[in-house]
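*Asks:* Protein sequences appear in the order of chains A and B. Residue 1 is where the first sequence starts when you use the working numbering, and the numbers rise one by one after that. Residue 1 is where the second sequence starts when you use the working numbering, and the numbers rise one by one after that.
Incorrect hints may have been included.
One side only, chain B facing chain A, incomplete, derived with CB under 8 Å [unchecked claim]:
#1 7
#2 10
#3 39
#4 112
#5 114
#6 116
#7 267
#8 271
Cut-off 27 Å, straight-line C-alpha distance, at most; resulting in silico cross-link-like pairs (DSSO-like, lysine-lysine) [stated by the list, open to error]:
#9 A:8 <-> B:10
#10 A:100 <-> B:13
#11 A:142 <-> A:154
#12 A:59 <-> A:142
By construction, these hints were calculated from the structure, which means they are not laboratory data. Each residue gets a CB set at the ideal place from its N, CA and C atoms; glycine is no exception.
Here is how the chains run, residue by residue.
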Amino acid sequence: MQPAIEIKGISKQYRLGEGAQMYASFREALSGKLKNPWKTRRTEKKQSRVQKNSFWALKDVSLNIEKGETVALIGSNGAGKSTLLKIISRITDPTEGYIKVRGRMGSLLEVGTGFHPELTGRENIYLNGAILGMHKTEIDSKFDEIVSFAGIGKFLDTPVKRYSSGMYVRLAFSIAAHLEPEILIVDEVLAVGDVAFQKKCLGKMSEACSRARTVVFVSHNLAAVESLCSRGVVMHQGSVAFDGPSKEAIRFYLENLGGDSGSSRSHVVDLAASSGRPLKFRPHLKKLELFDGDERPLRGDVPAGGPLKAVIHLNLDMPCTSFDASIAFDTLGGQRVCTAHSAYEPDREHEERTGEQVFTCEIPSLPLIPGEYKVHVGLDIASGEADWIEDATRLTVLKSDFYGTGILPTKGLLLLQNRWSLEYQREEVAI
Amino acid sequence: MSAAYELTIKPRKGWQPIDLQELWVFRELLGFLVWRDIKVRYKQTILGGLWAILQPLIGTIIFGVLFSKVAPIKTTAPYILFVYAGLVPWTFFANSLSMSSNSLIGSEQMIRKTYLPRVFLPLGAILALVLDMLIGFALMSVLLVYYHYQVTAALLWLPALMLGCFFVAAGMGLTLSALNVRYRDVKYVVPFFTQMVFFLTPVIYPLSSAPPKLKIFLALNPMAGMIEGFRHVILGSAISGELMWTSAASATLLFIAGLFMFHRMERTFADVI
Numbered sequence: 001m002q003p004a005i006e007i008k009g010i011s012k013q014y015r016l017g018e019g020a021q022m023y024a025s026f027r028e029a030l031s032g033k034l035k036n037p038w039k040t041r042r043t044e045k046k047q048s049r050v051q052k053n054s055f056w057a058l059k060d061v062s063l064n065i066e067k068g069e070t071v072a073l074i075g076s077n078g079a080g081k082s083t084l085l086k087i088i089s090r091i092t093d094p095t096e097g098y099i100k101v102r103g104r105m106g107s108l109l110e111v112g113t114g115f116h117p118e119l120t121g122r123e124n125i126y127l128n129g130a131i132l133g134m135h136k137t138e139i140d141s142k143f144d145e146i147v148s149f150a151g152i153g154k155f156l157d158t159p160v161k162r163y164s165s166g167m168y169v170r171l172a173f174s175i176a177a178h179l180e181p182e183i184l185i186v187d188e189v190l191a192v193g194d195v196a197f198q199k200k201c202l203g204k205m206s207e208a209c210s211r212a213r214t215v216v217f218v219s220h221n222l223a224a225v226e227s228l229c230s231r232g233v234v235m236h237q238g239s240v241a242f243d244g245p246s247k248e249a250i251r252f253y254l255e256n257l258g259g260d261s262g263s264s265r266s267h268v269v270d271l272a273a274s275s276g277r278p279l280k281f282r283p284h285l286k287k288l289e290l291f292d293g294d295e296r297p298l299r300g301d302v303p304a305g306g307p308l309k310a311v312i313h314l315n316l317d318m319p320c321t322s323f324d325a326s327i328a329f330d331t332l333g334g335q336r337v338c339t340a341h342s343a344y345e346p347d348r349e350h351e352e353r354t355g356e357q358v359f360t361c362e363i364p365s366l367p368l369i370p371g372e373y374k375v376h377v378g379l380d381i382a383s384g385e386a387d388w389i390e391d392a393t394r395l396t397v398l399k400s401d402f403y404g405t406g407i408l409p410t411k412g413l414l415l416l417q418n419r420w421s422l423e424y425q426r427e428e429v430a431i
Numbered sequence: 001m002s003a004a005y006e007l008t009i010k011p012r013k014g015w016q017p018i019d020l021q022e023l024w025v026f027r028e029l030l031g032f033l034v035w036r037d038i039k040v041r042y043k044q045t046i047l048g049g050l051w052a053i054l055q056p057l058i059g060t061i062i063f064g065v066l067f068s069k070v071a072p073i074k075t076t077a078p079y080i081l082f083v084y085a086g087l088v089p090w091t092f093f094a095n096s097l098s099m100s101s102n103s104l105i106g107s108e109q110m111i112r113k114t115y116l117p118r119v120f121l122p123l124g125a126i127l128a129l130v131l132d133m134l135i136g137f138a139l140m141s142v143l144l145v146y147y148h149y150q151v152t153a154a155l156l157w158l159p160a161l162m163l164g165c166f167f168v169a170a171g172m173g174l175t176l177s178a179l180n181v182r183y184r185d186v187k188y189v190v191p192f193f194t195q196m197v198f199f200l201t202p203v204i205y206p207l208s209s210a211p212p213k214l215k216i217f218l219a220l221n222p223m224a225g226m227i228e229g230f231r232h233v234i235l236g237s238a239i240s241g242e243l244m245w246t247s248a249a250s251a252t253l254l255f256i257a258g259l260f261m262f263h264r265m266e267r268t269f270a271d272v273i
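Make the full structure from the sequences, and use the hints.
*Replies:* Written as structure tokens, this is what we have:
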């Protein structure tokens, strides 16, 4: 049988700094044309710009994806995963190569694309559905299911601009989850909503995967990749670095490439210019410093059960009374282990602040078993997310003698404070 | 999986044919986009749909006072009717250019994150304005009754003229919207351009009052023929058949050229927007 998606020698070249350059070059384009009317733009391009300021986001990628297969694309930021998805979904043209797609395709690179804040939930369901490629009759038949999955029942006729961000995302995902093409292209869209809703989404996704549809899936949530996908393709710098069963692909990625993103081995992490910040946030968070219990700088490793002190520098550009910082710890597989949040602090005083602020978080004992963890830093203002740095730094938890016995658990995630005692053996006295 | 659904994605160069079949498959989306634009336009406005007639109406009052009392312009029909019949299609044209040229950069997220026939974005913006034009003409009928003006069977040409107007607006709107993605200069050019062309189009004066040499140049503008045409079918003013055919032909050409131009530039939208 012919593969559902046949990717052959796909390359994509981008010109760097194009945005800024292109606007300015209207004048240049005009004056260039006037000076030398016979020279076409194409020859000019060939000569100068392309070679100097270009890079290949994808270089000669070939893959066959069979019908019914669920394939995950894994890779660090900038590895070319999203570019490949954009080419498959026809958002942008490849520079070289071709792709054959056999079957009705639906792509989901973002949830809620085309949502209009002025329109009601009901209206946006139809609009967004149509943008995703659904027909009106199809939306009609799934309408009730979409509404109940999103749990927005009584807000159906309220403009979505009045929705909470959670409701907004739930509605957006719910529409997307009811898209039923033969081939589904999904980019990192599961990282939305609260944990309960994420679980529900994963459930819906695996339902989709099991219905023998072809799914191409990009996610940084390696746990989701492992549970949903049979095959993993590791991408690195625009090429395929590994292709095989998802478990092996994840191992390959973690061992060879997983460490090269965001991990800096200094106790001071610059958050202002971090690449882990989603585009929607303005940089409020400036700096994260890590110390051990004796105020000594920590260079990325901490003994299991040892004390950890984190200092977060942030900037409030408006006066705020209610703002809170948080630090979250994830396994490399993307599973959240625990979160420290200043909102949990009972003695925190709320007063109006503006400008540079410094939060100190003291964790007397970090209860993680040895291994490597991703550290995320977040800022909430007025109980809404204001900033978030994904994978700000990595923390290695080293083996230690936490229990005083030299023994540590090897399974699970947490070090549980526990004391055991054995009752005295009752003497069996014959009466 | 049907073989009919095989799709090949490869680099495209130069001029390409337009995939009409695909536009047909996505036709419902065009409907939704038009419906969205109409719904959104007057949300949170006090006057709502009244805005559709307010623009030509206020223009009519100002020009009416100016050119019937201050500096009279000779027209066959009452000047108020004459200028209103010109201002309704002109308002449609001017609003179409400004709405369509900004339609793509206003939907940046949609262009970067989904695939859809992008030509629907500027076309939808213009089609949504057709409703305003219809409301404008509805008020025209009220004015006609007020002035006891008799209409003739020529009124049956009205839909054809509206189509012609749509062709001119869409032909220019498609090109401008595509250029705007790459060169944001367009945003500044469009209002200035429409303002200038307003005076070069026989909206507030009849084409017949222009000297013959100038008339040829003015007739090059397809909107000139359209507006004269509207006056002919509604008010029965005289019109030259030559002008009408030239305008109809250039409107159609403009529309087709706009479609192809757009289709050619569309490929890089997601990369440069």
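*Asks:* Holds or violated: is the Cβ of residue 112 (chain B) closer than 8 Å to a Cβ in chain A?
*Replies:* 7 Å, holds
*Asks:* Can we keep the residue 39 (chain B) interface hint, with Cβ of chain A closer than 8 Å?
*Replies:* 6 Å, holds
*Asks:* Regarding the pair residue 142 (chain A) and residue 154 (chain A), is the alpha-carbon distance no greater than 27 Å?
*Replies:* 18 Å, holds
*Asks:* Under the criterion that the straight-line Cα-Cα distance not exceed 27 Å, is the pair residue 100 (chain A), residue 13 (chain B) satisfied?
*Replies:* 18 Å, holds
*Asks:* When the nearest CB of chain A is found for residue 10 (chain B), is that gap smaller than 8 Å?
*Replies:* 4 Å, holds
*Asks:* Does residue 271 (chain B) pass the interface hint, meaning its C-beta sits closer than 8 Å to a C-beta of chain A?
*Replies:* 6 Å, holds
*Asks:* Minimum Cβ distance from residue 116 (chain B) to chain A below 8 Å?
*Replies:* Holds, because the Cβ-Cβ distance from residue 116 (chain B) to chain A comes to roughly 6 Å (cut-off 8 Å).
*Asks:* Does the nearest C-beta of chain A fall within a distance shorter than 8 Å of the C-beta of residue 7 (chain B)?
*Replies:* 4 Å, holds
*Asks:* Tell me if residue 114 (chain B) is really an interface residue toward chain A, meaning its C-beta lies closer than 8 Å to one of theirs.
*Replies:* Status holds, d = 5 Å.
*Asks:* With the threshold set at 27 Å, check whether the alpha-carbon distance from residue 8 (chain A) to residue 10 (chain B) stays at or below it.
*Replies:* 10 Å, holds
*Asks:* Would you settle whether the hint for residue 267 (chain B) is holds or violated, based on the nearest Cβ-Cβ distance to chain A being less than 8 Å?
*Replies:* Since chain A brings a Cβ to about 5 Å from residue 267 (chain B), closer than 8 Å, the hint holds.
*Asks:* Within a Cα-Cα threshold of 27 Å, do residue 59 (chain A) and residue 142 (chain A) meet the stated pairing?
*Replies:* The hint is violated at about 41 Å.
Taken one by one, the earlier hints fail for this structure only at number 12.
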